[in-house]
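*Asks:* Same order as they appear, the protein sequences are chains P and F.
Per the numbering used here, the very first residue in the first sequence carries number 158; after that it's consecutive.
Per the numbering used here, the very first residue in the second sequence carries number 1288; after that it's consecutive.
Everything labelled a hint here was simulated from the structure, so no lab data went into it.
Honestly, I wouldn't trust all of these hints.
What the hints assert, rightly or not - Simulated crosslink set (DSBU-like; lysine-lysine; CA at most 30 Å straight-line): (1) P:Lys216 / P:Lys326; (2) F:Lys1584 / P:Lys304; (3) P:Lys242 / P:Lys309; (4) P:Lys326 / F:Lys1652; (5) F:Lys1593 / P:Lys311; (6) F:Lys1298 / P:Lys334; (7) P:Lys220 / F:Lys1311; (8) F:Lys1298 / P:Lys330; (9) F:Lys1652 / P:Lys309; (10) F:Lys1311 / P:Lys334; (11) F:Lys1291 / P:Lys334; (12) F:Lys1295 / P:Lys280; (13) P:Lys220 / P:Lys188; (14) F:Lys1298 / P:Lys327; (15) P:Lys286 / F:Lys1311; (16) F:Lys1528 / F:Lys1489; (17) P:Lys304 / F:Lys1298; (18) F:Lys1298 / P:Lys225; (19) P:Lys220 / F:Lys1298; (20) P:Lys166 / P:Lys177; (21) P:Lys220 / F:Lys1352; (22) P:Lys329 / P:Lys283; (23) P:Lys334 / P:Lys311; (24) F:Lys1530 / P:Lys166; (25) P:Lys225 / P:Lys280; (26) P:Lys326 / F:Lys1291; (27) F:Lys1593 / P:Lys330; (28) P:Lys216 / F:Lys1593; (29) F:Lys1352 / F:Lys1652; (30) P:Lys309 / F:Lys1530; (31) P:Lys286 / F:Lys1652.
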Amino acid sequence: MEKGKRIQKYIHNHEIELEKIIEEYSGYVYKIIRNMANSHLSDEDIEEIISDTFFILWKNREKLDEEKILSSYIAGIVKNLVREKTRVINIHADILDYENILQDGQKMDMIYEERERIYIIEKVLKNMKEEDRMIFHLYYYASMKIKDIADKLKVTEFNVKSRLYRMRKKIKKELEKGGYSHEG
Amino acid sequence: MKDKQTEKILKNVKQKIAISNFEKEERLDMKNTRKSVFKIGIAACCVIVSMTGIVFAKDIGNFVKNLFGKNTSDGVDIAVNEGYVANVNTEYQKAEGIEISVESLIMDDFNFAMNFDVILSEGYHIDEFERVELSDLIITDETEKIVFNTRNPMTEIEGGYMGSYSMLSTKKSDNEFTISLSATANTEAFPKSKHLTVKFTKLTTSQYVNEQRQDTVYEGDWSFEVDVPAEFYNRESVIYKVKSCNAEGIDINQVTAVVSNTAFKLSIPEISTDKIDYTLLKEDTVGSIYKRIAIQKEYVETEDGKQFEIAARSDGDGGYTVPEEGDKIINYHQTFNLTKYDATDEITVHMFTNKGEEITIVLEKM
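Turn these sequences into a full structure, and let the hints guide you.
*Replies:* Rendered as structure tokens:
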């Protein structure tokens, strides 16, 4: 990974090349986490922070300044996440990293609450059958149509629709149990 | 880091993205109830404040619910969260120490809702404004057509509004509250107005003292001019036709199905299918009242498996008539929470009868 690469190098057909970024920067993110938290975080926590870093980058893909250096954005996100995890206040960091932080503190809170919900949903998905998880992924990540999912998995469209319906209900129920309510 | 680990990270990130898309698509209005995020009422939901006039509120962060009061339907909520809402924020007008402005507006063929912001001067007790009505509110457009008027049993306005409506008050602070008007068109669609004139001279509050209702009327000359956004008056509802129906006794050419920005309305002039037990509908004998309801459950389903219930709120004007003669029901009409934002090229209406049978009507976009 060349530390000085601009974001525009990772944009293709107006889309961010997330897989390429993950391949090139996972090690960089890991290094920052280790430098900041040393041995205070478990491997599981580290993996979570790394995934969250790239997820937050993806969430903010439309706000990225293509002229800026990608590593600085990434560093800013990682540092906030590690800080959140370890509650460490005094961190020595390059000022350039702060300048490239995408969100102010208030907006970061909204992403954290979303991430909390995502953790709950991830747990629900973990307890589902592999085929249900596959349907969820194909529909919500790959944006495939029901008919195409049915063809791919060699099941009926009705089967796919029912499973999606059941998944939605279960997830909403688990979120409510987790303290999330529809009432504002 | 090893490739295997990178693969695992990639898989985790993809799952998070899938979940994020799921939340967005399902419009999960999920607030952590352990934290208090919003102020009293819905003031914090109106996050886009126009300094210059009407703008579209497209950047609402979390799912906004009941912006126009709890009597509006889920379909209205969906439209609001898709940005189909106008922040008006007119100048305040004051009379008898009560300042009022028109705050926000939503308008399509089937729903009209307007929020008024009310600020009370010192000396007023906000609890006295829990039940409020703008008693002689009249809203006309640039063609002088009456878009809405409060109905008064004593005086009828010719050409006046004949649909359903409600006015609710929601407290914002100790001296400020919102009056939410929500109206549903029923038989006639709301017009494609470009400009509205909003006028009223009476704000009436009602209280119950020793179980007796006491009204207090505050009088003034409140009048506002509101420009309607182009997206509202250039709106187009989507018409569907019947592709197939599994029940005889329904003339598919007579079925009307229309999807707007806030609702889906279905009308069937006559249903005489043998899937309904008509005898039960006319019996006066004591029995399960549930069996006497011809259509006991309805929902509409999109091609991607989403289901939408009936709009059981202000625009839930569903029903039918049982004629004295004949095994049939007539004038079936129902409103569902399906909107243009979720409607697919084909939609299916599922109706479950008092005989435990299912009527399925598949509709396709015209």
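*Asks:* Does each hint fit the structure? Answer for all of them.
*Replies:* Each hint tested on the structure:
1. P:Lys216 / P:Lys326: holds, 25 Å
2. F:Lys1584 / P:Lys304: Cα-Cα ~27 Å, so holds.
3. P:Lys242 / P:Lys309: Not satisfied, since the Cα-Cα distance of roughly 40 Å exceeds 30 Å.
4. P:Lys326 / F:Lys1652: holds, 28 Å
5. F:Lys1593 / P:Lys311: Status holds; Cα separation ~21 Å.
6. F:Lys1298 / P:Lys334: Holds, because 26 Å separates the two Cα atoms, which is no more than 30 Å.
7. P:Lys220 / F:Lys1311: holds, 18 Å
8. F:Lys1298 / P:Lys330: Cα-Cα ~25 Å, so holds.
9. F:Lys1652 / P:Lys309: holds, 27 Å
10. F:Lys1311 / P:Lys334: holds, 20 Å
11. F:Lys1291 / P:Lys334: Between lysine 1291 of chain F and lysine 334 of chain P the Cα gap is close to 35 Å, so the pair fails against 30 Å, i.e. violated.
12. F:Lys1295 / P:Lys280: Distance ~16 Å between lysine 1295 of chain F and lysine 280 of chain P Cα, so the pair holds.
13. P:Lys220 / P:Lys188: holds, 26 Å
14. F:Lys1298 / P:Lys327: holds, 22 Å
15. P:Lys286 / F:Lys1311: holds, 23 Å
16. F:Lys1528 / F:Lys1489: violated, 45 Å
17. P:Lys304 / F:Lys1298: Measuring from Cα to Cα gives roughly 24 Å; hence the hint holds.
18. F:Lys1298 / P:Lys225: holds, 27 Å
19. P:Lys220 / F:Lys1298: holds, 24 Å
20. P:Lys166 / P:Lys177: holds, 10 Å
21. P:Lys220 / F:Lys1352: holds, 27 Å
22. P:Lys329 / P:Lys283: holds, 15 Å
23. P:Lys334 / P:Lys311: violated, 34 Å
24. F:Lys1530 / P:Lys166: The hint is violated at about 50 Å.
25. P:Lys225 / P:Lys280: violated, 36 Å
26. P:Lys326 / F:Lys1291: Violated - the C-alpha atoms of lysine 1291 of chain F and lysine 326 of chain P are around 34 Å apart, more than 30 Å.
27. F:Lys1593 / P:Lys330: holds, 17 Å
28. P:Lys216 / F:Lys1593: OK: lysine 216 of chain P and lysine 1593 of chain F at ~25 Å, within 30 Å.
29. F:Lys1352 / F:Lys1652: holds, 29 Å
30. P:Lys309 / F:Lys1530: Given pair lysine 309 of chain P, lysine 1530 of chain F holds - Cα atoms ~27 Å apart, limit 30 Å.
31. P:Lys286 / F:Lys1652: Violated, at about 36 Å.
Violated hints, listed in ascending order, are 3, 11, 16, 23, 24, 25, 26, 31; each of the other numbered hints is respected by the structure.
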